[in-house]
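Novice: Throw the hints in and build the complete structure from the sequences for me.
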Amino acid sequence: MQCKCRQSDLAAALKKVDAAVSRKNVVPALAGVLLEAGEDKLRVYATDLDVGVEVFVPAEVSDPGQALPPHKTFKGLVASLPDGEVELTADEAANRLTLSQEKRRYSFDMLDPEVFPAFPDVDGSEAFTLPSAALARAVRSVSPAAAVDPFQGAFACVLLEKDAEKEVLRLVATDRQRLAVAEAPWSGRGDGEAPVNDVLLPAASSKALLDVLSGAAGSEPKAELRFSGSFVVARTDDGNGFFARMGAGAFPNYRLVLPQDLPDPMRIDVGALKNALERAALLLSGQPGKPPLVELETGAGILTVFALDDPSICREEIPVSGDGAGTETSVAANALFLLDAVRPLDGEVLINLPAGRGLIVVRDAAMNYTHAVAPITV
Numbered sequence: 001m002q003c004k005c006r007q008s009d010l011a012a013a014l015k016k017v018d019a020a021v022s023r024k025n026v027v028p029a030l031a032g033v034l035l036e037a038g039e040d041k042l043r044v045y046a047t048d049l050d051v052g053v054e055v056f057v058p059a060e061v062s063d064p065g066q067a068l069p070p071h072k073t074f075k076g077l078v079a080s081l082p083d084g085e086v087e088l089t090a091d092e093a094a095n096r097l098t099l100s101q102e103k104r105r106y107s108f109d110m111l112d113p114e115v116f117p118a119f120p121d122v123d124g125s126e127a128f129t130l131p132s133a134a135l136a137r138a139v140r141s142v143s144p145a146a147a148v149d150p151f152q153g154a155f156a157c158v159l160l161e162k163d164a165e166k167e168v169l170r171l172v173a174t175d176r177q178r179l180a181v182a183e184a185p186w187s188g189r190g191d192g193e194a195p196v197n198d199v200l201l202p203a204a205s206s207k208a209l210l211d212v213l214s215g216a217a218g219s220e221p222k223a224e225l226r227f228s229g230s231f232v233v234a235r236t237d238d239g240n241g242f243f244a245r246m247g248a249g250a251f252p253n254y255r256l257v258l259p260q261d262l263p264d265p266m267r268i269d270v271g272a273l274k275n276a277l278e279r280a281a282l283l284l285s286g287q288p289g290k291p292p293l294v295e296l297e298t299g300a301g302i303l304t305v306f307a308l309d310d311p312s313i314c315r316e317e318i319p320v321s322g323d324g325a326g327t328e329t330s331v332a333a334n335a336l337f338l339l340d341a342v343r344p345l346d347g348e349v350l351i352n353l354p355a356g357r358g359l360i361v362v363r364d365a366a367m368n369y370t371h372a373v374a375p376i377t378v
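In our numbering, the protein residues as written are 1 to 378.
Hints were generated in silico from the structure; no laboratory data involved.
Be a bit skeptical, because a hint or two may be false.
Computed Cβ-Cβ distance ranges for the label pairs, DEER-style [stated by the list, open to error]: (1) R343 with K290: 52 to 58 Å; (2) P82 with R343: 32 to 38 Å; (3) N275 with P185: 29 to 35 Å; (4) N253 with P82: 53 to 59 Å; (5) N253 with N95: 51 to 57 Å; (6) P117 with N253: 31 to 37 Å; (7) R104 with P185: 47 to 53 Å; (8) K207 with S285: 19 to 25 Å; (9) A118 with K72: 21 to 27 Å; (10) E39 with A365: 43 to 49 Å.
We put the beta carbon where it would ideally sit given N, CA and C, even for glycine.
Specialist: Shown next, in the form of structure tokens:
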């Protein structure tokens, strides 16, 4: 293999695939990154068997082939180089990969590329075409609500649910303390084999998916999403791809939890609310083992945010509007959970605070996103 490409393109590609590189020592080859040169581009691919990412870099290819250097060392070296042309040469006989740039020259021992796992074949499966930005926004919005512990099964996953009537892909996540729902409209749908069980995307793989979606080229980039066998596969217009092994188990019936027929909400500038919650979380985070708890109190067109245990630590008043602004109520919650609920939003946000037992509900003005947070019982 021999090819030339820009250092900045190669460094960006290696950064994108980083989330898919295995950190375990079970299979040595999985600690490598597969470089495959051909057809005026260099394929950069990494996988830990559960997640995989491939990114294509423009390249001048003089000798097609492949190489498998250790990802951590190779990525670190490429990132340290100045921008400009770099040349990659693989000597299969000596099992060495050489990187050259101007008067610099570095060599790496290669792992065996022949044993590196292939990207899943998803031809023939049902396909959905969505705006990359809308899909990324939905993934980013709901994934914080999933459980962090992977042994929580479906609770550590994001449900991908198709709604043929509304022509949207609905993403849902819950860790039992909060529930997030977001919708991304599809612009096209291709027939094919559809999965029988719930399509569950492990929340731990969401970063790798977002890395692929964030670099999509074009003014209105699209992504194709497929569910095939045991994999969720996404591919952008520029050919970059992502796959994740589906989570196991059945997702709970979230509709039983999601509040229905809510009263008129209050409306609030989300920037002001984010700032108040961030400052409260900062001041309350110094208590080991104790979450930063705040109380939300409404009345007379004002939402007051203050520390639950000691209001003297922090207290902010934010003007609110809407039919729900005059209702007097008070509820306590984890400031970090509330931040996760409002962080994806801009402009004006709709909020319902429970008068009795119930959930704090945050929605966007377009009603494409709902995030419900369980209050703290005082």
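Novice: Run every hint past the structure and note whether it holds.
Specialist: Hint check:
{"no.": "1", "hint": "R343 with K290: 52 to 58 Å", "result": "22 Å, violated"}
{"no.": "2", "hint": "P82 with R343: 32 to 38 Å", "result": "36 Å, holds"}
{"no.": "3", "hint": "N275 with P185: 29 to 35 Å", "result": "31 Å, holds"}
{"no.": "4", "hint": "N253 with P82: 53 to 59 Å", "result": "55 Å, holds"}
{"no.": "5", "hint": "N253 with N95: 51 to 57 Å", "result": "54 Å, holds"}
{"no.": "6", "hint": "P117 with N253: 31 to 37 Å", "result": "35 Å, holds"}
{"no.": "7", "hint": "R104 with P185: 47 to 53 Å", "result": "48 Å, holds"}
{"no.": "8", "hint": "K207 with S285: 19 to 25 Å", "result": "23 Å, holds"}
{"no.": "9", "hint": "A118 with K72: 21 to 27 Å", "result": "23 Å, holds"}
{"no.": "10", "hint": "E39 with A365: 43 to 49 Å", "result": "46 Å, holds"}
Checked against the numbered hints given earlier, this structure breaks only hint 1.
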